[in-house]
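For the protein sequence lines, the chains are A and B, in the order given. For the first sequence, numbering that gives the first Met the number 0 begins at 0 and goes up steadily by one. For the second sequence, numbering that gives the first Met the number 0 begins at 0 and goes up steadily by one.
These are computed hints drawn from the structure, not numbers from a lab. We put the beta carbon where it would ideally sit given N, CA and C, even for glycine. Heads up, some of the hints might be wrong.
[What the hints assert, rightly or not] With beta-carbon atoms standing in for the labels, derived distance ranges: (1) B:Lys125 <-> A:Leu140: 44 to 50 Å; (2) B:Leu35 <-> A:Asp215: 22 to 28 Å; (3) B:Glu17 <-> A:Met2: 42 to 48 Å; (4) B:Met0 <-> A:Ala395: 56 to 62 Å; (5) B:Lys31 <-> A:Thr32: 31 to 37 Å; (6) B:Asp104 <-> A:Glu158: 56 to 62 Å; (7) B:Asp101 <-> A:Ala299: 50 to 56 Å; (8) A:Glu158 <-> B:Leu35: 52 to 58 Å; (9) B:Glu17 <-> A:Val19: 55 to 61 Å; (10) B:Glu7 <-> A:Gln37: 56 to 62 Å.
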Amino acid sequence: MTMFDVKNIRKDFPILTREVNEKPLVYFDNAATSQTPQQVIDVIVDYYQNYNANIHRGVHALSQEATDKYEQARLKIQKHFNAAKAHEIIFTSGTTHSINIVANGFSAILKKGDEIIVSALEHHSNIVPWQMLCERTGAVLKVIAMNQKGELLLNVYDELLSDKTKLVFCNHISNALGTINPIKEIIDKAHEVGAAVLIDGAQAAPHLVADVQALDVDFYTISAHKVCGPTGAGMLYGKEEWLNKLPPYQGGGEMIAEVTFEKTTYADLPHKFEAGTPNICGGIAFGAALDYMNSIGFEAIAAYENELLEYATQKLLEIEGLKIYGTAKNKTSVISFNIEELHPYDIGSILDKLGIAVRTGHHCAQPIMDFFNIPGTVRASFCFYNTKEEIDVLVAGVKRAKNMLL
Amino acid sequence: MQIQEIQEEIVDEFAMFEDWMQRYEYMIDLGKALPLIDAQYKTDENIIKGCQSKVWVHAELEENKLVFTADSDAIITKGIIAILIRAFSNQKPLDIIEANTDFIDEIGLKEHLSPTRANGLVSMIKQIKLYAVAYQTQVK
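Generate the whole structure from the sequences, applying the supplied hints.
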């Protein structure tokens, strides 16, 4: 065991002390949403208790205070992802919203016959908006295939790229399998043919820090609730030149410069994409969540989570008939598995009775399940506040479920 | 036996179990023992939406009574189906339409199953009742 002080870290998360079905909660559904530390809960409470007000428009003190905190959060996020400019960070309701802003924007840019490339590892939220975009524009969707380990085939990608390619979309890390994709290579190759790249960082953000300038990525998206923040808040990073090119997604207050009944001129970035009253508290708490994670340190987090992943992989594979899906060389602390012909739902139901929270089903990634020809998997995803003892509870639970069901 | 009587019988049986484990083991046994549905009825049209596992339900009218056959790819779900079939199969459509389903709560199924599963359970009952409504018109 490293010097990672998980015992103390767990004290930050009040929810981890609760019981489920009269058993201590073992929370292994972190890839769906992470838990919230007291430090972030305090920020949320403080907002509603002390300075709840609408931002960017009031002359009064509360509005000013809320505006300052909200904009400070934007700066924190900018710094975290090393964006060149603060207005390249757009607050959104989460990754899905972020992706839709870009997909909608490109419907004004794409022409019939243009091509969009997505990876075979995508979440539905990174497939459906592009399909809708293709329907609207007549563009064609192409898919980067993967191998049995759940790794993208870059030679297939090379063949798909051409001067027709206008956009490439790929997740940084697969939610269903945990594969870490070689996004730098994917971005560079797309740029060689003049295509823009959106990387969905929802699953990567809790495990590593993406430097958007070093990556030279055009768009990067994340959700706050994956990084110990609240739900309903997230970010779209976009290069300034791209954000200026895209039309606004929603009309409303905040996003305008001047309105007459003849014509409206849009506000500058980032407000052009932030119509209406935003999730102010959520944005501020998002910043606080990144502060919290940085206080622990992403290097320490990654090292500890790797330890958990290795331990869990080894222990689970000792169970006869258990098969892990997603065995990429580079992967994060996500284990998707099945046992023989057992339905993941049966296993998940019994684990729930034992107080263990896992995800079962297709993980919003049906094409991946089709690839492996399975209805779904049981997915256990680990966070830095989990322990090896909890993994032992999971392994015992899976054995028990297997005995009951087979 | 009337639907009400069968339901009471099921409630009595479940009352004997001391914990969830025994209840689940019983449902798993019921699931494994459920007679297979005729393969021709395992069609997409017969799939019930709202379940995380796949559930097929088929109904036929025999001598003015509705006979259900069903299947699922998950065992515990099959166990739930077995209980529903026991309660509602071989009954007159009108009785099925009018039957109340409180016994589901009483045997702790709805309360103890996860929300998505509970929804599946609700969908299954809804489908059974829909069949009954549809076949009611054919009863002589």
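Outcome of the hint check:
1. B:Lys125 <-> A:Leu140: 44 to 50 Å: violated, 36 Å
2. B:Leu35 <-> A:Asp215: 22 to 28 Å: violated, 58 Å
3. B:Glu17 <-> A:Met2: 42 to 48 Å: The hinted range 42 to 48 Å holds for glutamate 17 of chain B and methionine 2 of chain A, with Cβ atoms some 45 Å apart.
4. B:Met0 <-> A:Ala395: 56 to 62 Å: Given about 42 Å between the Cβ atoms, the range is violated.
5. B:Lys31 <-> A:Thr32: 31 to 37 Å: This hint holds: roughly 35 Å between Cβ atoms.
6. B:Asp104 <-> A:Glu158: 56 to 62 Å: At roughly 58 Å between Cβ atoms, glutamate 158 of chain A and aspartate 104 of chain B fall inside 56 to 62 Å, so the hint holds.
7. B:Asp101 <-> A:Ala299: 50 to 56 Å: With a Cβ separation near 53 Å, aspartate 101 of chain B and alanine 299 of chain A satisfy 50 to 56 Å, so the hint holds.
8. A:Glu158 <-> B:Leu35: 52 to 58 Å: At roughly 46 Å between Cβ atoms, leucine 35 of chain B and glutamate 158 of chain A fall outside 52 to 58 Å, so the hint is violated.
9. B:Glu17 <-> A:Val19: 55 to 61 Å: Since the Cβ atoms of glutamate 17 of chain B and valine 19 of chain A sit about 20 Å apart, the hinted range of 55 to 61 Å is violated.
10. B:Glu7 <-> A:Gln37: 56 to 62 Å: Violated: the Cβ-Cβ distance is about 50 Å, outside 56 to 62 Å.
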